[in-house]
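Peer 1: Next come the chains, spelled out residue by residue.
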Amino acid sequence: MTGFAGHGPAGGHGFTVPVLQLGDVLLVTLQGELHDGMAEQLQQDITARISDSRVSGVVIDISGVEIVDSFLGRVLAEIAAGAKLLAARTVLAGMRPAVAITLVELGLTLPGMRTALDVERAMEMLGVTTRRGEGSP
Amino acid sequence: MQVSVSEENAEQEPVAYQVSAFLERRREQIAQRWADAALFRTVFTVSRDEAVEAGRAVTAALAAVAASGRVDDIRASGFEAVRDQLGRMAASRARTGIDPDGVADEVAALREPVTELLRAEFGEPYAPEAQEAVVALTVLMGTLRLVVMETTVSAGEELIARQREQLHEVATPVIKLWESTVAVPLIGTLDSARSQVVMESLLDAIVAERARYAILDITGVPTVDSLVAQHLMKTVAAARLMGAECIVSGIRPAIAQTIVHLGIDLGTVLTRSSLEDALAYALSEQGVEIAPLRAAGAAADAGTR
Chain P
1 MTGFAGHGPA GGHGFTVPVL QLGDVLLVTL QGELHDGMAE QLQQDITARI
51 SDSRVSGVVI DISGVEIVDS FLGRVLAEIA AGAKLLAART VLAGMRPAVA
101 ITLVELGLTL PGMRTALDVE RAMEMLGVTT RRGEGSP
Chain D
1 MQVSVSEENA EQEPVAYQVS AFLERRREQI AQRWADAALF RTVFTVSRDE
51 AVEAGRAVTA ALAAVAASGR VDDIRASGFE AVRDQLGRMA ASRARTGIDP
101 DGVADEVAAL REPVTELLRA EFGEPYAPEA QEAVVALTVL MGTLRLVVME
151 TTVSAGEELI ARQREQLHEV ATPVIKLWES TVAVPLIGTL DSARSQVVME
201 SLLDAIVAER ARYAILDITG VPTVDSLVAQ HLMKTVAAAR LMGAECIVSG
251 IRPAIAQTIV HLGIDLGTVL TRSSLEDALA YALSEQGVEI APLRAAGAAA
301 DAGTR
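Residue numbers (the working numbering), protein chains in the order written: chain P, 1 to 137; chain D, 1 to 305.
These are computed hints drawn from the structure, not numbers from a lab.
Bear in mind the structure is a predicted one, so any value in this text is a computation, not a measurement.
Heads up, the beta-carbon is just placed ideally off N, CA and C, and yes, glycines get one too.
Each statement offered as a hint is correct.
Far from chain P, by Cβ distances over 10 Å, these chain D residues were calculated:
id: 1; residue: Arg27
id: 2; residue: Ala37
id: 3; residue: Ser47
id: 4; residue: Asp84
id: 5; residue: Ala91
id: 6; residue: Ala104
id: 7; residue: Ala108
id: 8; residue: Glu121
id: 9; residue: Glu124
id: 10; residue: Pro173
id: 11; residue: Ser226
id: 12; residue: Glu276
Label pairs and their in silico Cβ distance ranges:
id: 13; chain 1: P; residue 1: Glu33; chain 2: D; residue 2: Gly267; range: 34 to 44 Å
id: 14; chain 1: P; residue 1: Glu66; chain 2: D; residue 2: Val197; range: 18 to 28 Å
id: 15; chain 1: P; residue 1: Pro111; chain 2: D; residue 2: Thr96; range: 50 to 60 Å
Here chain P stands alone, though its shape is the one from the complex (with noise of 0.2 Å):
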């Protein structure tokens, strides 16, 4: 499966991370497992996306994930290294409780990362403000 993942540049097949842009916010949607193929397309996908187009910000959203590990810990603080390269702040949303305690248990507790309760709170600190209630039907 990791294989299939990283056959070619469009990723595809259904196996890539949708990847958002709202305003000059990418939204990033992690979900269920991530595969090494799918974490390299992911990390390319993301830096291309910021340099083609103007973001400021990108904002993880990992709360339909339930499990993790180093890997995902890497990967998410490799994300953020090379979003900080080129100028953009990313923002880690949505963790669950359970996750966060694995991931400090594992001794892995993200420095350096920004973190918010969920995507409106991430979007709020990166300056995009959503309002409810207004303008939605």
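Once you've looked at the hints, dock chain D against the given chain P.
Peer 2: Chain D in isolation, oriented as in the chain P frame:
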């Protein structure tokens, strides 16, 4: 080998059987005498009949144990019938404030009346066979004493385990102090099991209250060593991963000194001396200002005049 074993059995069994038969025969008498002994008298204060009944049950159990030939085995099946009752009796004595040594002495005091009765069974009270029977009975009573102590100890252990669990549940409330601000007042020593509970309940509260600031107040923590500091730092790190900023408050001067002397680096942790200061920090970060109403009113008055 086999011969010697069978010889040994042949020697021992009759004595144990003898004691068993004696206990069966004299059950009523023994029970009556025990009812007057300190242990039974103080446990069964309501009626003497109850005490006699309990004495009968214990005597029957002893007879069963003696009949099985396992007079020195505290796990002998004969004891099972009265184990609960002995436990209740010991617990009832413990409730009146008597210590385990006292209970052991009271159980030991049960031996004397029975030994007297047993000696009376023999025409010659100090004949070798009488002595042998008395020794067997003494061993049996010693085993009874051990059984009582064992039930007491295991009952105590159960109680301790239950209370420890209750303590975990009770001692870690998470309080919402303000919008997006929660606090955990930590009371007592912080061990790894407790800090786990604290961490879990704090993280759950952060999600439930959508908290931006979490205050860990350690006013009630008697001592802080490197292990406690490590637990605190883990909790702070986990809260930060959830997107909440953690403030450790209530660090008494003595504890601050200890932390410095131990060389514990709390540099990454935001600290305040009191819960009040921590709350003030959290509020000011959220742009909330608290000013006394009267001062504001006085200022307004001054303005109009």
